[in-house]
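Visitor: Based on the hints, put chain B in the right spot on chain A.
2 protein chains.
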Amino acid sequence: MADKKVNPSILPGFMELLPNEQILFNNMIEKVKDSYERYGFLPIDTPVIEKSEVLLAKGGGETEKQIYKVVKGDTDMSLRFDLTVPLARYVAMHFHELSFPFRRYHIAKVYRGEKNQKGRFREFYQADIDIIGNGELSILNDAEIPSVIYTTFKELGFENFTIKINNRKLLQGFFENLNINNYQEVLRIVDKLEKIGIENVRKELLEIGINQEKYEKIRDFIMFEGDNLSTLSFLKELKIENVTFSDGLKELETVCYYIEKFGVPKNNFKIDLTIARGLDYYTGTVYETFLNDYPKIGSICSGGRYDNLSEFYTNQKLPGVGISIGLTRLFYQLREAGIISADNEKLIKALVIPMDDYLDQSIEISNLLRKNDISTQIYLENAKMSKKLNYANKINVPYVIIVGEDEVNSNIYTVKNMKTGEQTKMTIDDIILELSSRN
Amino acid sequence: MADKKVNPSILPGFMELLPNEQILFNNMIEKVKDSYERYGFLPIDTPVIEKSEVLLAKGGGETEKQIYKVVKGDTDMSLRFDLTVPLARYVAMHFHELSFPFRRYHIAKVYRGEKNQKGRFREFYQADIDIIGNGELSILNDAEIPSVIYTTFKELGFENFTIKINNRKLLQGFFENLNINNYQEVLRIVDKLEKIGIENVRKELLEIGINQEKYEKIRDFIMFEGDNLSTLSFLKELKIENVTFSDGLKELETVCYYIEKFGVPKNNFKIDLTIARGLDYYTGTVYETFLNDYPKIGSICSGGRYDNLSEFYTNQKLPGVGISIGLTRLFYQLREAGIISADNEKLIKALVIPMDDYLDQSIEISNLLRKNDISTQIYLENAKMSKKLNYANKINVPYVIIVGEDEVNSNIYTVKNMKTGEQTKMTIDDIILELSSRN
Chain A
742 MADKKVNPSI LPGFMELLPN EQILFNNMIE KVKDSYERYG FLPIDTPVIE KSEVLLAKGG
802 GETEKQIYKV VKGDTDMSLR FDLTVPLARY VAMHFHELSF PFRRYHIAKV YRGEKNQKGR
862 FREFYQADID IIGNGELSIL NDAEIPSVIY TTFKELGFEN FTIKINNRKL LQGFFENLNI
922 NNYQEVLRIV DKLEKIGIEN VRKELLEIGI NQEKYEKIRD FIMFEGDNLS TLSFLKELKI
982 ENVTFSDGLK ELETVCYYIE KFGVPKNNFK IDLTIARGLD YYTGTVYETF LNDYPKIGSI
1042 CSGGRYDNLS EFYTNQKLPG VGISIGLTRL FYQLREAGII SADNEKLIKA LVIPMDDYLD
1102 QSIEISNLLR KNDISTQIYL ENAKMSKKLN YANKINVPYV IIVGEDEVNS NIYTVKNMKT
1162 GEQTKMTIDD IILELSSRN
Chain B
742 MADKKVNPSI LPGFMELLPN EQILFNNMIE KVKDSYERYG FLPIDTPVIE KSEVLLAKGG
802 GETEKQIYKV VKGDTDMSLR FDLTVPLARY VAMHFHELSF PFRRYHIAKV YRGEKNQKGR
862 FREFYQADID IIGNGELSIL NDAEIPSVIY TTFKELGFEN FTIKINNRKL LQGFFENLNI
922 NNYQEVLRIV DKLEKIGIEN VRKELLEIGI NQEKYEKIRD FIMFEGDNLS TLSFLKELKI
982 ENVTFSDGLK ELETVCYYIE KFGVPKNNFK IDLTIARGLD YYTGTVYETF LNDYPKIGSI
1042 CSGGRYDNLS EFYTNQKLPG VGISIGLTRL FYQLREAGII SADNEKLIKA LVIPMDDYLD
1102 QSIEISNLLR KNDISTQIYL ENAKMSKKLN YANKINVPYV IIVGEDEVNS NIYTVKNMKT
1162 GEQTKMTIDD IILELSSRN
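Chains A and B supply the protein sequences, listed in that same order. All residue numbers for the first sequence refer to our numbering, where the first residue is 742 and numbers rise by one. All residue numbers for the second sequence refer to our numbering, where the first residue is 742 and numbers rise by one.
By construction, these hints were calculated from the structure, which means they are not laboratory data. Nothing false has been slipped in among the hints.
The list makes no distinction among identical chains, and a pair is therefore deemed to hold if it is satisfied within one copy or across any two copies.
Derived EDC-like pairs (lysine to aspartate or glutamate); straight-line CA-CA distance at most 16 Å:
no., residue 1, residue 2
1, 1002, 1105
2, 792, 757
3, 933, 945
4, 1135, 838
5, 1002, 1098
6, 1157, 1171
7, 1128, 1097
8, 774, 1114
9, 1037, 935
10, 1112, 775
11, 1007, 994
Being a predicted model, the structure only gives us computed values, none of them experimental.
Bound conformation, chain A alone (with noise of 0.2 Å):
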């Protein structure tokens, strides 16, 4: 026996959940791993830690500087702040053992070392689909994504969502259009948009050196209101003669067309020339989605278009597009916002309470139970029936099964629905009927 107890914590910014909350949380990866792979999506898994090499092959930015570290030895290990880098050296080091288009799903947890605050997570899980071709991939993969989170935040019990699409190639021809050659820089305050509002971004365009004719320029366009019909009607009236513009435009056009041939309802999915997604990497393609009726959690599940998945670990050139969903804080917003509580949520379908000497009996009601896969606990302690009750209360259990002499004898048994209060005498035939179809 110790003596001195160290205080039983977790790390801050790691989410831990109790029992009745972590089954909402594992539905929610259920549904959308179901999702993903009625969608034809392969699941992969890699390994935590890879080389730090591996993992900052790109290097620079934010990710160096949130890296956990892993000692043990010699080698510089990391743990994974992302699952697209890990699929990255996964394309590149199976390559001859994949068959392309590859498509993969990978749903696991990644590491980064965030400011502590609320709602962000240092550890957190993410739901990740990719497309990934071989030299080339077509621009249908880009119309499918769509449907898959569409299925997906449908799966979820989400009605009224929006994917927000545009197309990185508009934005890139349209900026070179106007002579600016830093729109890198510009597209990540353009980004903002939504977040500063329209005065700060033009107070921030015009630190950078842009002047304002060409703002207003940037204004009129980012700015424009429209279905998507007028918005492609409004892009092409600009006249722009400019190669990128005009693939980008074409791209967006035949995305737009296939997204509503792929099953996405005209209401879920919108142009939005803001959408720029902040990373350097996405080349065509970009998406993001929202909860209307939160506008406040902001995107949950972005994604898009990229040129060259693993030029830091290969020559192959491979083209892909994908999305992500940051599941964590999803789940937290969700609770936060009270749209997910933990009220309903049962795995436990029933509790066996033996009386007296009644031990054998129950069992064999817990093994008939479980062998009609109803999942079944047995209350096996010393108690009094009124700390048995109470017990199958706390664990919010929807049926207890009593059995005790008159029971056994008659082989009728007493089912207390624990919601209702209400009791029923059943044959267990009757009992496996009932609580089999309360799935």
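Guide: Only chain B this time, still in chain A's reference frame:
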């Protein structure tokens, strides 16, 4: 485009699978999870990184040498090396929010910087269940655990396995009765019997000061062969007057009686007086599980009863009983032994191949299949039919649906069974029926 490429590789001792094997591995996890849930165990998920003072509260031994330290800021952090220490911390930390007996399962990765050797992994999945009591926990739980082991391995497709059972009190009492005080040391040697043979056990015992007379008593004890009833008789007939021994014997008898009640067939469990489990925190029942046809694989599921789960974090007395399956090692060994192979595992049910200009109709069919929960991929790239069919072969998809002019005009589609090569003409409704029934 980066010019100097980083070699895309992973660290030694880490397992990474191709998708077809990953599917098999995930199926294994699913089955274990389903079985654990059927017995009313609740899920938890704890951080992979914890404070070193928490993980190493017990201190000393192999653990400290094998631990991966994590560096970021000032806090001394480490990666968990098992799921038991995090459970001990979890139960102490959330004590007032949990209901006891608390039954949890946890399937997750753990990290140990072991020596690099074949079949040993530094990152591996463990699948644990534990039942924790508040103050006390009925011995009946020790009898229920083997039924979870039995169900789990049956679900995994095994028939011929043996759950070996012993009781540490029995061993302790036996050694006390021989006036052997360093019985923990003796147990560690006895535990190696299977590996090193009786002659080496003798040598090692004599080395630590056990005399020949005592050795012979120990030998007769651990070498006893018989079915459960005769083992229990043998133990009774020893007439050892030691309270610990008597307690252990009574517990073992109760556990054996109820294991059968819990539905474990007689030939799937057996008392084995040599099972001691090296770890010194087990205090009563101990389990090890062996595949009878593959004795070399060693124990595939071990565990036991302990007196005080969280003694390093709280004064609450929390006895428990649990088991752990090392899934990564098990998967590796089953694959090496040729027991599982990736041959017949398919996640994608159908590949829709559009001909010429029939993309829209192909998308429609994919949508329909997916709505009917049939995992479907559509081939979106520009390629010759031979390349498309070759892709279907490589991804190992069971059905290909070809959509061309004839098909669209007649609403009758060509479905190719990729295993038999057989081509059938079918309506969409029939396709859905056919593919749904083949789960």
